[in-house]
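Heads up: the protein sequence lines correspond to chains S and H, in order.
Residue numbers for the first sequence follow the numbering used here, so the first one is 1 and each next one is one higher.
Residue numbers for the second sequence follow the numbering used here, so the first one is 1 and each next one is one higher.
Quick caveat, the hints were computed from the structure, so don't treat them as lab data.
Treat each hint with caution, since some may be false.
Okay, the calculated bits of chain S under chain H, using three or more residues with CB under 8 Å as the criterion [said to hold, decoys possible]:
no.	stretch
1	33-47
2	114-122
3	154-163
4	207-213
5	237-244
Glycine included, each C-beta is placed from N, C-alpha and C at the ideal position.
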Amino acid sequence: MFLKETLKKIPRWMYMYYILIALWSGTTAMHIPDGYLSPVTCMLMVLLVMPFWIRGVQRLREKMTARNIPLVALFAAFSFVVMMFNVPLPGGTTAHAVGGALAAIILGPEIATIAVSIALVIQALFFGDGGILAIGANCFNMAVVLPYVSFAIYQAVSKNMPMNSKRRIIGAAAGGWAGLTAAAFFAAVEFGVQPLLWHTADGTPLYAPYPLSVSIPAMVIPHALIASVVEGAVTALVVAYLIRANQPALEIINKTQITAETSSFARWRNLWIGLAALVVITPLGLLAPGTAWGEWGAEELTNRGLSFIPKGLAQLSGLWSAPMPDYNVPAIGNANIGYILSAVVGILVIIGVAWLFSLLVTGGKKTFSEDVNSK
Amino acid sequence: MSQLARPSRLKSRSGFIERTLIDINNTLEQSLFAEKIARQKGLLQALDARLKVIAMLMLLLAVSLSHQLVIIAGLYTGALILAAVSNISLGFFIKRVWAFIPFFTGIVALPALFITPGPALAYLPLGLVITRTGALTALFLLLRVGTSVSMATLFVLTTPWNSVLKALGVLHVPDVLILTLGMTYRYIHLLLHLANDMFLSRKSRILRRLTGTEERRLMAATSGILLGKSLQLSSEVYLAMESRGFRGYPHTMDRFQMRWFDWAAGLVVVFVTLLAIVGR
Chain S
1 MFLKETLKKI PRWMYMYYIL IALWSGTTAM HIPDGYLSPV TCMLMVLLVM
51 PFWIRGVQRL REKMTARNIP LVALFAAFSF VVMMFNVPLP GGTTAHAVGG
101 ALAAIILGPE IATIAVSIAL VIQALFFGDG GILAIGANCF NMAVVLPYVS
151 FAIYQAVSKN MPMNSKRRII GAAAGGWAGL TAAAFFAAVE FGVQPLLWHT
201 ADGTPLYAPY PLSVSIPAMV IPHALIASVV EGAVTALVVA YLIRANQPAL
251 EIINKTQITA ETSSFARWRN LWIGLAALVV ITPLGLLAPG TAWGEWGAEE
301 LTNRGLSFIP KGLAQLSGLW SAPMPDYNVP AIGNANIGYI LSAVVGILVI
351 IGVAWLFSLL VTGGKKTFSE DVNSK
Chain H
1 MSQLARPSRL KSRSGFIERT LIDINNTLEQ SLFAEKIARQ KGLLQALDAR
51 LKVIAMLMLL LAVSLSHQLV IIAGLYTGAL ILAAVSNISL GFFIKRVWAF
101 IPFFTGIVAL PALFITPGPA LAYLPLGLVI TRTGALTALF LLLRVGTSVS
151 MATLFVLTTP WNSVLKALGV LHVPDVLILT LGMTYRYIHL LLHLANDMFL
201 SRKSRILRRL TGTEERRLMA ATSGILLGKS LQLSSEVYLA MESRGFRGYP
251 HTMDRFQMRW FDWAAGLVVV FVTLLAIVGR
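When you get a sec, could you build the whole thing from the sequences and use the hints?
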């Protein structure tokens, strides 16, 4: 009742204002289109997501082999369809949920990563929702950050609780909210570093134009107020429904995964440490050159481009003053050719990593039929 | 399969069921329409799907790497010409590309006109100043997003989904994932139809407007039922696959073949990409 009174006191224009902000952040920001992020950022995001994809596919192969293919396919299709549902909000408007939190609660975060990634790939390839080069960034935000954060919170709140416990609903709500807010934060960081790192000699940003000081509040506040609330509410409502009507669905995770292990986090300690290191290093590496804003000479700028990861590392090891033109293969001496060479190397690295990934996934075999045979 | 509902736009104010129905139907319609264009005759339709995947990635990279508006504009013009020679009506193509994502990008880019520091370009009432830097950066963002979306749209509109999937194999995407992608796409349609039926049947039994709480309950229950159905279907689908001899990996029936035409097109794409990157 108190809440209703308070809500009534907020002027109408303020509602409209926040709904507008939420509209654009909900429709554009979470599915990052191509053109917002520089190619280097896109490549880096693919590298960041790769271990999670490998982990997810490993998990799929470990537990139920081929049987999991339809499970993941159907769940990805389900996430896609749920993203299309309009969720009624107070005030007569509607919003969309991502469904990543729900996927994590039902399937576990590793498999949720695969299911949501597949839904995102289909959205990007087929419906132009989210960029193709930006697929790594989108998968990182919505298929990694969102499910892992949601799942950690859901587990923390509802671990060892009976199936019909209220805490499961609360955990689902909190998990969905925190997961999407965290995802929005990561998207904001990805946007915010663009103008620091990539602009023309006169300071015109080449990609997303807003610095961190603008992008973080612009993304995180409306998400925390609206989109994340929707995600949390949808997750909680569906979990509540499942508790009422379809409890076995909530127990699938126990069949496809080993519960004790999941809750202890022990077996993936290495993954967590590596990830934490990556997460720590990345923003540092991305932010570090930002401190040198304005000190960049025009000729130095032409030498930038594909080279910020080494720069960040150089900064960390106190070697920031090392000359940068080295990325241009000095013998050739032509900035453009050096640039193309580094682009080619970048492409080769991507293909190499993808190939390595396929080797890992298939265990070096062309297929994984033997799993089925040996079953 | 039931007849698809076609709620009129006028009624869309009345609630979330109608809006969801509209969204579901638009999605189905969009995917059907894309398949129709992909089966027409045209330049891009005649090209090998593998080549198109790689060409699209290269052109996206060129758009993304370019530091000059002229080059991005040139690439966009190229995309328009390709659309024209591939039997895609230009009006439809431009509308499909610009209607949604770049439009919202425009809204996103708008404040950048004013808050990016730089020399003044124009003075507006209320003391607002458009800076040259701001105008440039907004243009960059808008053109880049529009051109990238155009490239991706061209690829999707001229390639049947099955060929898209098979072409992904060239990029060393594992078989298992391609199989899963294909199944997902197929079941998206089934689930969309199911959701459509559920919402439609509910809508036809409602006489008054639902309250917010009732609407949310209905939404949650529909999602929950859909989830249950998906899970149930997945085990049935697996059994069906196994009983038809599925051994854990997919087989594709037809082979791709590169012809001189494909090689020539590939050379053109490589040339254009290099030109765009050198000229950046």
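Here is how each hint holds up against the structure:
1. 33-47: Held - the stretch 33-47 of chain S has 7 residues with a Cβ nearer than 8 Å to chain H, which meets the minimum of three.
2. 114-122: holds (count 5)
3. 154-163: violated (count 0)
4. 207-213: The restraint on the stretch 207-213 of chain S holds, since 4 of its residues have a Cβ under 8 Å from chain H and three suffice.
5. 237-244: holds (count 5)
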